[in-house]
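**Q** Listed below, chain by chain, are the residues.
2 protein chains.
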Amino acid sequence: MTKDFVVTPWEVKGDIDYEKLIRDFGVKHVDSKVMQEMEKLTGGLHYFLKRKIFFAHMYFDEILNEAKRGNKFYLYTGRAPSGPVHLGHLVPWIFTEWLQDKFGATLLFQIPDEEKFLFKENLSFGDTDKWAYENILDIIAVGFDKKKTKIFLDTEYAGHMYKTACAVAKKTNISTLKSLFGLNDSNNVGEYFYTCMQSVPAFLPTIMEGKQTKCLIPCAIDQDVHFRLTRDVANGIGFPKPATILSRFLPGLAEGGKMSSSIENTAIFTTDDENTVRNKIMKYAFSGGRDTVTEHRKHGGVPENDVSYQYLTYFMEDSNKLKKIYEDYKSGKMLTGELKEITVEVINEFLEKHQKKRELAKGVLEDFMLRD
Amino acid sequence: MTKDFVVTPWEVKGDIDYEKLIRDFGVKHVDSKVMQEMEKLTGGLHYFLKRKIFFAHMYFDEILNEAKRGNKFYLYTGRAPSGPVHLGHLVPWIFTEWLQDKFGATLLFQIPDEEKFLFKENLSFGDTDKWAYENILDIIAVGFDKKKTKIFLDTEYAGHMYKTACAVAKKTNISTLKSLFGLNDSNNVGEYFYTCMQSVPAFLPTIMEGKQTKCLIPCAIDQDVHFRLTRDVANGIGFPKPATILSRFLPGLAEGGKMSSSIENTAIFTTDDENTVRNKIMKYAFSGGRDTVTEHRKHGGVPENDVSYQYLTYFMEDSNKLKKIYEDYKSGKMLTGELKEITVEVINEFLEKHQKKRELAKGVLEDFMLRD
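Chains as they are written, first to last, in my numbering: chain E, 1 to 372; chain U, 1001 to 1372.
Pulled out of the complex, with its shape left as it was, chain E reads as follows (with noise of 0.2 angstroms):
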């Protein structure tokens, strides 16, 4: 029996079949022999892609091709800015950065500011402009190269997409939208237009090398739904279709789904102080521990419900250490509060980390932005 769930760009709820999204979306899985031959390429594999947080694809395998053939191809991630940065908007960021390390690989990194401020009432462009800078600190935090990362506003950068999203706009009517995004007469026309600014990106470096470049974009798959349209139009309008590699979503503290900034005391924020993450995840983390002591002993806990495991097995590199904590909590050796005891220190100690680049990312955030 298949849970009920929303998977949507703007809303993920409920209790996620990421098998049935694979087959709603027409999308691949991350097999054995995409794995093998990432393997071969980068020399190793990140534990995103073992523990299949990356789990699902498409044309990702051309993209090795390209990379084994000795092709350039450009990497493209986003982030839309209307609050504050949390830990799951980092998943696809930290990927996308091993990626650029593993292939040398420029990124282009689109801060739709238009998208939230389309979308949510009372964002102003105001608001997504002091968003935007904030958020652009956190993305230069993850360890991006500088000399291979162009982050650009919409808004701002508009002048060299403009022209590309109403060629993805001619091929795309109300009909088609409606149906991918569940919008009707009553949404506001940027809501519909929008859609084809998050395509642009897919296809600037083909214009940016002024011949036919891949692009291969890393995010959550709530996004994917974007990236059909985008394939749908690139041949007709004279690029290659884009490669996707898709995460499953960070979970919130206390709901599951999806981490997200607008439902309280349920997301841990990058700029969270030390005891903050510890409150956190004391109070509100999701237990899969059993009711009582005695009886976590005798049954063990169960780490697939237990957002503090979820957790370490998106922040906890080793992955040996991971698996005796897997084991330990399993059988009833490990209690849930030395679990969350373990999943604060590690979250802490990553943060820590964060937050000092962070701080350096004010110095050089210029560096990295495509103005104009």
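Source of the hints: derived by calculation from the structure; they are not laboratory data. As the structure is a computational prediction, the values presented were derived from the model and not from experiment. Note that the Cβ used here is the ideal one computed from N, Cα and C, for glycine as well. There may be inaccurate statements among the hints.
Unchecked claim - Dumping the calculated DSS-like pairs for lysine-lysine here, alpha-carbon to alpha-carbon at most 25 angstroms: (1) 241(E) to 283(E); (2) 1040(U) to 1102(U); (3) 130(E) to 1171(U); (4) 1102(U) to 1028(U); (5) 1130(U) to 171(E); (6) 1178(U) to 120(E); (7) 178(E) to 1178(U); (8) 1028(U) to 130(E); (9) 1171(U) to 116(E); (10) 1020(U) to 1050(U); (11) 171(E) to 1116(U); (12) 1178(U) to 171(E); (13) 1116(U) to 1130(U).
Said to hold, decoys possible - Simulated coverage check for chain U against chain E, where a stretch passes if three residues somewhere in it have a Cβ under 8 angstroms from a Cβ of chain E: (14) 1147 to 1160; (15) 1169 to 1175; (16) 1192 to 1200.
Using the hints provided, position chain U relative to the given structure of chain E.
**A** Just chain U now, kept in the frame of chain E:
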């Protein structure tokens, strides 16, 4: 009885009832009060006003009030580049040039190259680029002040427009656009979004001046629907409502309605040579004369139905001469052939000057352009 006619930005056909348009579009007559105010300010009236070629307006009285107080206002008009310029296109530009001269106003001249690209299946951006260049030569040839005229292509200038277009879009839903423009779900999303870009130049004066600055848009009445939308959203996004002053359509040679590049032999193009103009008028210009010379001498012609005579009302500045022609034609003293001869002469004299200025425009084109 009202005859059937259609006036939209994309189609003008039938026997146009301009009084009905004024009621349907909710605009006002350019009445004697407005003309008196205008005359006080400018020391004279353009014959387009006296002859009611510019016959309707919205908020034009407010523009005159601004001028009276010594406040700056901007002019804004445009040209979508999908083919050669014909005499009909020149009408609002000639009037705009007169307004610029009388008020010393800055003119924003929009070249919405994406509009025709989006609406015409087989038109490429390569085509619009070519026509943009050709059309801009005609614009400059009209005689605008280089220091006070800024011509821009939407796809080039989008970096300065897209953010404001999104502000318009946020206030504009699909239902509204369907009812204003007669679009449906099979139209592409660019056709829907485009009007937001057409609104932007009405707001650029305020953005450029850094304070609330009014804008007057001289154009043919088919464009009014765009600016109704612009007026509806203006205040809500922090801009003054634009004023419009609206013209009738120069009729097509054979068709009446509106001169159109897409109906062969109905248009006189600015690059037509003397013989072509002569042949077109002689062969195609719909005559208000009688079937035989005898009949004509007896009953006289109908200047109101005669396309050549209509052209004279647009291109013969001397009102006394025009009145004489009207009377002679109406009385039967003047035959259609004679009227056509005069028209050929007037149009060719106009075009000879225009074509010289058009050649000179090649050397100064970039001085007018707002690139970027």
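**Q** Take the hints in turn and mark each one as holding or not.
**A** Structure-based check of each hint:
Our distance criterion of 25 angstroms between C-alpha atoms is broken by residue 241(E) and residue 283(E), whose separation comes to about 45 angstroms. For the hint pairing residue 1040(U) with residue 1102(U), the CA-to-CA distance comes to about 12 angstroms; that is within 25 angstroms, so the pair holds. With a C-alpha separation of about 22 angstroms, the suggested pair residue 130(E) and residue 1171(U) falls inside the 25 angstroms cut-off, and the hint holds. A C-alpha spacing of about 23 angstroms is found between residue 1102(U) and residue 1028(U), which places the hinted pair at or below 25 angstroms, so the restraint holds.
Taking the CA atoms of residue 1130(U) and residue 171(E), the gap is about 22 angstroms. The hint holds against a cut of 25 angstroms. For the given pair, residue 1178(U) sits about 23 angstroms from residue 120(E) by alpha-carbon distance, which is consistent with the 25 angstroms threshold. With a C-alpha separation of about 15 angstroms, the suggested pair residue 178(E) and residue 1178(U) falls inside the 25 angstroms cut-off, and the hint holds. Of the pairs offered as hints, the one joining residue 1028(U) and residue 130(E) is violated, with about 44 angstroms between alpha carbons and a cut-off of 25 angstroms exceeded.
At roughly 14 angstroms between alpha-carbon atoms, residue 1171(U) and residue 116(E) fall within 25 angstroms of each other, so this suggested pair holds. Restraint check for residue 1020(U) and residue 1050(U): the C-alpha separation of about 21 angstroms stays at or below 25 angstroms, so the hint holds. With a CA separation close to 14 angstroms, the supplied pair residue 171(E) and residue 1116(U) stays within the 25 angstroms bound. For the proposed pair residue 1178(U) and residue 171(E), the alpha carbon gap of about 19 angstroms is at most 25 angstroms, so the pair holds.
About 13 angstroms separates the Cα atoms of residue 1116(U) and residue 1130(U), which keeps this hinted pair within 25 angstroms; it holds. Only when three residues or more bring their CB closer than 8 angstroms to a CB of chain E does the claim for the region 1147 to 1160 of chain U stand; here the count is 7, and the claim holds. A count of 7 residues in the region 1169 to 1175 of chain U with a Cβ less than 8 angstroms from any Cβ of chain E is obtained; the coverage claim is therefore met, three being the minimum. Counting residues of the region 1192 to 1200 of chain U whose C-beta sits closer than 8 angstroms to any C-beta of chain E gives 3, which meets the bar of three, so the coverage hint holds.
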